[in-house]
Amino acid sequence: MTSSREKILAAVRANQPAELPLPTVPLFEGDDSVEKFTAILQGIGGQVVEVTDVARLPEVIHGLYPTDYRIASPLLPEANVPVDANTSIEVLAGVELAVLQGEFGVVENGTIWVPEANMLHRALPMITQHLALVLDRRHLVATMHQAYARLTSVGSYGTFLAGPSKTADIEQSLVIGAHGARSMTVLLV
Amino acid sequence: MSHSQRSDIFLLDAERTTWHDETLWFVRQKRDKAVYATPEFQELRQLASDIKDHTLSRLNFYLQQFEENARRNGVQVHWAADAAEHNAIVLGLLRQHGATRVVKSKSMLTEECHLNPYLTQHGIEVIDTDLGERIIQLREEAPSHVVLPAIHLKKEDVGDTFHLHLGTTKGNNDPQQLTETARQHLREKFLAGQVAISGVNFAVAETGSVVVCTNEGNADLGVNLAKVHIACMGMEKLIPRLSDLSVFTRILTRSATGQPVTTYTSHFTRPGEGKEMHIVIVDNGRTKQLGRPDFRASLKCIRCGACMNTCPVYRRSGGHSYDFTIPGPIGAILSPNIDMRKHASLPFASTLCGSCTDVCPVKIDIHTQLYKWRQVLGQAGEIPASKKWSMRLLSRVLSKPGMYSLGGRVARQGLRLLPHGLTHAGGYNPWAIARELPEPPRQSFREWYAEQAGQ
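Just so you know, the protein sequences line up as chains X and U, in that order. Just so you know, the working numbering puts 218 at position 125 of the first sequence, and the rest follows in order with no gaps. Just so you know, the working numbering puts 373 at position 369 of the second sequence, and the rest follows in order with no gaps.
No lab work stands behind these hints: they were computed from the structure. Being a predicted model, the structure only gives us computed values, none of them experimental. Do not rely on the hints blindly, as some may be mistaken.
With the C-beta cut set under 7 Å, the calculated list includes, among others, these residues of chain X facing chain U [what the hints assert, rightly or not]:
#1 116
#2 186
#3 249
Which residues of chain U face chain X? A few of them, derived with a C-beta cut under 8 Å, are [unchecked claim]:
#4 57
#5 83
#6 139
#7 142
#8 152
#9 211
#10 269
#11 273
#12 294
#13 295
#14 384
Glycine is no exception: its CB is placed at the ideal position from the N, C-alpha and C atoms.
The whole structure should be built from the sequences, with the hints applied where relevant.
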């Protein structure tokens with residue numbers, strides 16, 4: 094195995110061209126309004142709900158989802174499925190709604206950064222039937238350039254999440270709910 | 005068989021060809037809409053191109069920086085010189101964990117290495133989890149597009165396949181219901197997954213992370229439920245900095261499908277607690293391509309598929325007509341590097357219109373490379389005799405004005421006098437198989453010009 098490594102690196106050294114410059118990427122600015130973020134996210138199948146006061150979160154959740162849902166969340170006292178990094182797959186598979194904290198949103202594409210620390214379990218945002226992300230409306234950036242500038246580290250695992258899981262693999266017909274969450278709602282606080 | 009012979013098979017179904025053509029053109033139009041809505045898109049293309057050029061020029065450094073950082077993150081890094089070594093490494097890891105099944109998300113590299121048949125031969129059950137890939141896996145077909153693997157199929161085909169393999173009602177061709185069936189079927193597989201294999205969209209040298217982009221969430225679901233994650237990547241997937249992702253995530257999906265971004269853009273840096281993560285870095289001809297100055301830019305490709313969607317030849321011949329893992333214009337410049345004789349017809353599967361180059365988000369000079377491959381193939385004697393001799397004849401005629409003028413006169417008279425059946429005989433004039441020759445003019449431009457001068 095070491096020999097392949099040496100062989101490949103030697104071939105790369107022999108064949109790579111003379112060094113070319115690495116450009117500086119500008120911090121392209123743009124619209125960072127809640128309105129545009131909402132429009133883009135709705136355009137890709139997400140839902141945006143304005144929550145005027147964090148204290149109203151449980152009430153808003155009850156209004157949006159059936160009350161008998163199995164919920165996993167570090168943010169709601171009424172979450173009834175305890176989940177952590179060691180939770181079994183069987184328990185995870187039964188989660189109907191996960192309510193998690195999103196760190197910040199990117200207006201140009203409606204995506205939200207969710208680091209592992211906010212997920213309870215790495216698979217939770219995908220295995221849950223429905224996903225709700227709580228997002229502070231002041232935490233919006235215009236473009237991906239500003240998003241990565243904001244991330245000092247991507248941690249062990251983290252994902253930019255944009256809307257529900259979807260596919261168009263059958264005749265280009267868009268179907269929401271491929272393997273991940275069937276719906277994705279952003280709760281703006 | 006050549007590309008044009010395989011295209012004939014695709015073209016037998018005219019209705020389907022038209023559908024294929026129009027559907028991919030629709031995707032191209034969605035791309036345009038997304039691109040025009042991004043004011044700095046052309047600047048981003050230039051940045052992406054420059055970042056990739058720089059990375060290739062310091063690939064030796066970045067490969068080692070990436071390896072060092074990944075190892076520091078607790079990731080095991082493997083190197084494979086070719087497809088056989090890649091496959092052996094993956095099988096070795098599966099055996100080491102006593103795994104008998106593996107869930108796999110999209111990876112053109114593993115297609116290139118023919119990993120699935122290799123693992124199957126060795127008693128491993130391989131489950132492709134991307135919906136399009138699962139469909140073609142059940143049908144035992146190859147993907148026909150890098151982003152839309154089942155674009156050659158109609159919903160009726162998928163309905164039949166699911167009826168046969170997943171027990172859906174015969175005649176149920178509803179995409180929504182078929183997708184739901186696949187969701188249920190694949191969920192079982194995800195939950196029972198022991199090892200997950202993923203591809204890699206970008207590998208960040210400064211952090212040692214790999215980034216995987218999907219819309220379905222299948223890569224994340226598979227990887228995050230399995231004990232072991234094996235990420236397989238071609239060595240050209242490297243980019244230097246985390247901030248470079250801002251450029252590539254902005255251009256990838258806009259170019260591919262016209263979406264602003266994929267649903268999941270996931271950064272895998274360290275294995276989860278008590279789990280393992282492996283990265284296999286594969287050469288398989290890439291260092292050779294790096295050493296070809298005319299063709300090395302093909303290594304900048306980020307597999308968005310934009311060149312396929314726009315290509316008038318790809319749209320009307322289908323991905324399978326290329327008989328190579330990566331079809332379309334980019335496949336036609338990558339494939340001769342792997343096997344020049346086998347893929348000799350692919351650089352000719354183009355009108356050289358340049359549309360591929362225009363849409364390429366990393367500014368690969370695709371049509372120029374197609375033209376250059378034709379020269380290389382001509383030099384190496386890898387073009388069909390009929391083409392070779394007709395080109396020689398043509399070059400002699402075109403280099404002698406007297407002969408050219410005589411030839412023109414003979415042709416104009418000949419077309420007028422000879423019977424249609426002879427001038428349009430497909431045997432020696434294949435151009436006329438589906439076309440009418442133009443009506444011959446009375447005189448040539450030179451003759452007309454001479455007349456004017458006399459007046």
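Results for each hint:
no. : hint : in the structure
1   : 116  : 5 Å, holds
2   : 186  : 6 Å, holds
3   : 249  : 4 Å, holds
4   : 57   : 5 Å, holds
5   : 83   : 4 Å, holds
6   : 139  : 7 Å, holds
7   : 142  : 13 Å, violated
8   : 152  : 7 Å, holds
9   : 211  : 6 Å, holds
10  : 269  : 4 Å, holds
11  : 273  : 5 Å, holds
12  : 294  : 4 Å, holds
13  : 295  : 3 Å, holds
14  : 384  : 20 Å, violated
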